[in-house]
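Enquirer: What follows is the residue order along each chain.
2 protein chains.
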Amino acid sequence: MANWQSLVHEQVQKEREAATALLQEWVRHPSVSGAEYSIQESIAKRLASMGLDVDLWVMGGEELIKHPYFVSPRQQFEGSPNVVGVWKGTGGGRSIILNGHVDVVPAGDEAQWEQPPFSGEVLDGKLYGRGATDMKGGNLSSLLAIQVLQALGVKLKGDVIFQSVVEEESGGAGTLSTILRGYKADAALIPEPTNMKIFPKQQGSMWFRLLVKGRSAHGGTRYEGVSAIEKSLLVVQAIGQLEKVRNDRMTDPLYAKLPIPIPINIGVIEGGKWPSSVADLVKLEGRMGVAPGEQMEDAKAEMQAALSALAQIDPWFAEHPVELEWYGARWVPGAVEEDHPLMEILHNQFVAITGERAVVEASPWGTDGGLLTALADTPAIVVGPGVTQVAHYPNEYIELDDVFRCAEIFALTLIEWCGVSES
Amino acid sequence: MANWQSLVHEQVQKEREAATALLQEWVRHPSVSGAEYSIQESIAKRLASMGLDVDLWVMGGEELIKHPYFVSPRQQFEGSPNVVGVWKGTGGGRSIILNGHVDVVPAGDEAQWEQPPFSGEVLDGKLYGRGATDMKGGNLSSLLAIQVLQALGVKLKGDVIFQSVVEEESGGAGTLSTILRGYKADAALIPEPTNMKIFPKQQGSMWFRLLVKGRSAHGGTRYEGVSAIEKSLLVVQAIGQLEKVRNDRMTDPLYAKLPIPIPINIGVIEGGKWPSSVADLVKLEGRMGVAPGEQMEDAKAEMQAALSALAQIDPWFAEHPVELEWYGARWVPGAVEEDHPLMEILHNQFVAITGERAVVEASPWGTDGGLLTALADTPAIVVGPGVTQVAHYPNEYIELDDVFRCAEIFALTLIEWCGVSES
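Line order of the protein sequences matches chains A and B. Residues 1 to 423, numbered by full-length UniProt numbering, are exactly what the first sequence covers, in order. Residues 1 to 423, numbered by full-length UniProt numbering, are exactly what the second sequence covers, in order.
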């Protein structure tokens, strides 16, 4: 082990400059949804040059679009290919997926950026740009792990499947397509920005829309109507109560530090059209957290039950039930047991490289790991460089030291997990 | 008296057909805000042909626009003249204003109308069309009262000032302009649709906008933010409490039948942009009722105090006070004492014509009477044909019998109030 550790470390140092340039190139592709072609083509070429079996495809078709886990604002994916590169093992070892997405959220207001949003500029050891932390930096850690092992002449027994996917930010259609294409493995690592914490469990989430009804009247005789705004207060309170009940059940110590492990957030409220009229309709839109191990359908049923119970608080709701619609984005929760063998390997490498024991937590957000666990029998662990606090914000950046430290941990983890062929 | 009563009744019956045709003509002018020219020109010609001193003008100028009671979405009134016709008395009698507006609210969705919205069609004694009830029917009662007295050769001692104004639906700039032009009288009648009830008091109202602040965060870690939606629940509750306190003070028996004499209606709520984000701003828009005799400024101060008191309930509001803006429409409340001599006269004529005592109530909405009372020393009583329930709705109509009954009451009231010259 000690030997591999110092060999890997030295090799990563040698690759540092070229790898930083590569991450800069990746960040300079403004790969927002629908515009991922150029970065994916570049990654495919690189994987091919490394001798991996490369698969680049534009997803689509009924099997995908009609799949119960398919979520996307679009159904056409020209300009947004997926790329998978397989580094075939010699056989007899455990396989692993290194999954990461290349789609980034929009830059937002450019005036709030100190550098242009897709600059890739490096300052004080930080590489700046939209997607640097979420999650091109993590993807580089994965790729570099493979490059370093190849440079050291390592031959792994198990397959390493490098996945560069699209559509994670919209709900995971890219990873769903890899699964439908047949990709699976004995485990997966997803280097989303966890600030190098290990997340064996990831919260899922799904969006809902509620329509709360009232009856219109003139504001001067508002008692002749029924205010949908007043009724929506009761709905918001009922959702708050549901959130409390659901979170009181969350006894998992991984969630001990979170004030609300699986929040229900009502993010949008909109109702009424005229100050002097009683509002007859209010729309609420929100996001419901789903616990690791919980079935999405069970969470949906619990929401519906909470809304139906409103009829007992206020007979208005018996005659005018709140309409519930599940729409838009959805991320499946994921969970790996803490005694999973990949957890122990990761822990050991983490201590070896950083000198400290990794922090283990549960993520407050979903990743594509939920799909891999639920549909591909592939336990997924989320750990990566980058910090959530800068993801989706102006002046997003990543600490380059963390990218390389993570690459070292991944390289050593691949050796342990997949096994090294002596032949 | 008995003599006048039967003479007036017979003359109204003679005028019925022509008067119905005139009301049809008025309703066929689609005199929504900005499009009142043709009806006002027609009315001015008629008043001139009746021998009244006619004044037609397009209002404007600094005195109007900068007046503290000026409220309008526009500052230019081309196409929207006011018309006043004065029937000069012989002297020594009390003067009276007959005030009514010709602006109508938009027709709305034409598909919901059984006849075209400006048809003026008569079916089963009802005349249909936008503005029939609010308030061209009432205006016809006023005009017909003058015509009938003239036909009977009556010469009144006091002046009768017939006012056909614009902009009532937007807050009363038309009547404000008549006041600034110097028109005033010893009393005023306003035949808004009261279903022939007498409203000596009219509720005022004004629009407000509240901005409730929060702090944004990701929905999955919503405890890191502050939801403006949750905070707005507290604001809505505080407004509800304020409404209760204000209405508990309303001991006037005229309001005894109203569940909430001076309602505060929150008609619009809007906040947040994304289901997965914590909303950082919620806008509330509403309409505050103002009691007859209450100063608008006092009501405003009471609202501000209620919002400021939120800081004691939740320290968030101390750091992030709710912003209060008074905007858009405003109607000044009005009040005439119940023992005002015009009240007794009206009551007597009402009994004479209908055989029953009039119902006296306070209106749940404002009229231009508030301005006449507050700024022109002209006590205003609101009484007219037409029913509030159909005003502003599709298939608006007026019962023609009520229009003619009201004309008789008005004609007899003018005789009693202004006095008849024997010379």
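Among the hints, a few may not be true.
Same chains, same label: a pair holds when it works inside one copy or across any pair of copies.
To be verified - Cut-off 30 Å, straight-line C-alpha distance, at most; resulting in silico cross-link-like pairs (DSS-like, lysine-lysine):
| hint | residue 1 | residue 2 |
| --- | --- | --- |
| 1 | K88 | K197 |
| 2 | K257 | K273 |
| 3 | K126 | K88 |
| 4 | K273 | K88 |
| 5 | K300 | K66 |
| 6 | K66 | K157 |
| 7 | K244 | K273 |
| 8 | K213 | K257 |
| 9 | K273 | K66 |
| 10 | K257 | K157 |
| 11 | K184 | K155 |
| 12 | K126 | K283 |
Read the hints as simulated data drawn from the structure, not as lab findings. Predicted model, so just to flag it, every value in this text is computed and none were measured.
Enquirer: Now tell me if each hint is right for this structure.
Expert: Cross-check of the supplied hints:
no.	hint	in the structure
1	K88 / K197	within (29 Å within a copy, 91 Å between copies)
2	K257 / K273	between (42 Å within a copy, 28 Å between copies)
3	K126 / K88	neither (34 Å within a copy, 87 Å between copies)
4	K273 / K88	neither (62 Å within a copy, 46 Å between copies)
5	K300 / K66	within (20 Å within a copy, 57 Å between copies)
6	K66 / K157	neither (37 Å within a copy, 85 Å between copies)
7	K244 / K273	between (33 Å within a copy, 24 Å between copies)
8	K213 / K257	between (38 Å within a copy, 27 Å between copies)
9	K273 / K66	between (37 Å within a copy, 28 Å between copies)
10	K257 / K157	neither (39 Å within a copy, 87 Å between copies)
11	K184 / K155	within (20 Å within a copy, 102 Å between copies)
12	K126 / K283	neither (42 Å within a copy, 39 Å between copies)
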